[in-house]
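One letter stands for each residue in the lines below.
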Amino acid sequence: SQTIHQWPATLVQPVGSPLSLECTVEGTSNPNLYWYRQAAGRGLQLLFYSIGIGQISSEVPQNLSASRPQDRQFILSSKKLLLSDSGFYLCASTGQYNSPLHFGNGTRLTVT
Amino acid sequence: SQQGEEDPQALSIQEGENATMNCSYKTSINNLQWYRQNSGRGLVHLILIRSNEREKHSGRLRVTLDTSKKSSSLLITASRAADTASYFCATDGYGGSQGNLIFGKGTKLSVKP
Chain P
46 SQTIHQWPAT LVQPVGSPLS LECTVEGTSN PNLYWYRQAA GRGLQLLFYS
96 IGIGQISSEV PQNLSASRPQ DRQFILSSKK LLLSDSGFYL CASTGQYNSP
146 LHFGNGTRLT VT
Chain E
851 SQQGEEDPQA LSIQEGENAT MNCSYKTSIN NLQWYRQNSG RGLVHLILIR
901 SNEREKHSGR LRVTLDTSKK SSSLLITASR AADTASYFCA TDGYGGSQGN
951 LIFGKGTKLS VKP
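Going line by line, the protein sequences match chains P and E. One point on numbering: in my numbering, the residue at position 107 of the first sequence is 152, and numbering is uninterrupted. One point on numbering: in my numbering, the residue at position 74 of the second sequence is 924, and numbering is uninterrupted.
I should point out that these hints are in silico values taken from the structure, not numbers from a laboratory. Yeah, the Cβ is synthetic: ideal placement off N, Cα and C, and Gly gets one too. Please note that a few of the clues may not be correct.
Chain E side only, calculated, beta carbon under 10 Å to chain P, not exhaustive [as the list claims (entries may be wrong)]:
no., residue
1, Gln883
2, Leu893
3, Leu898
Heads up, incomplete: computed chain E residues facing chain P, CB under 7 Å, no partners named [as the list claims (entries may be wrong)]:
no., residue
4, Gly892
5, His895
6, Lys955
Could you build the full structure based on these sequences and the hints that come with them?
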């Protein structure tokens with residue numbers, strides 16, 4: 046089965062600083078990869094998804110970007126963080142259409 | 851806009867009781883999924899029900915789907931303190947692309963021992 050590794054688990058960053066969150070996947074090849082953000086008391090918002098190396102689709106205009114340099118690596122970045130970027134970021138993976146999403150344990154980002 | 855909306859937002863029950871959570875959605879779907887999230891952790895998939903299915907069981911979980919009413923329910927029978935978590939429904943409201951699941955805000959379940 047798939048295992049999703051995300052790090053760091055928690056992060057506190059000042060406004061205007063850069064961001065890089067990394068996600069790696071084990072147990073599958075050529076997965077579809079996703080970045081979600083969860084704000085307090087709200088559901089998950091899909092930010093980016095990727096169906097292959099270098100292929101990134103953005104769902105919501107953000108102060109964020111994503112990259113997929115390798116088959117099982119997905120990176121979420123920002124050049125300058127905003128207060129509104131605070132939240133719980135989750136990476137997810139699925140191997141086949143109509144199969145469940147596997148999630149990492151998330152990164153709690155606080156922008157101060 | 852949100853596709854799935856869970857009801858109630860919060861539910862507190864005693865161990866041994868049954869817990870029922872509901873989900874409503876707005877557009878046609880191919881399938882509906884339920885996920886569980888322990889506090890501060892990632893989501894874990896519980897069950898998937900396809901649009902041509904009406905009921906599905908998995909252990910103490912029972913999920914129903916009523917596509918005419920655009921609603922689903924998750925029943926947890928004989929609840930345990932370890933069932934304490936948030937539960938989310940998710941639908942593929944964008945016409946089948948698996949990853950473009952739309953999640954509701956969740957039901958926070960508290961099971962008291």
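- prompt: What are the numbers of the hints that this structure violates, sorted from low to high?
  reply: none
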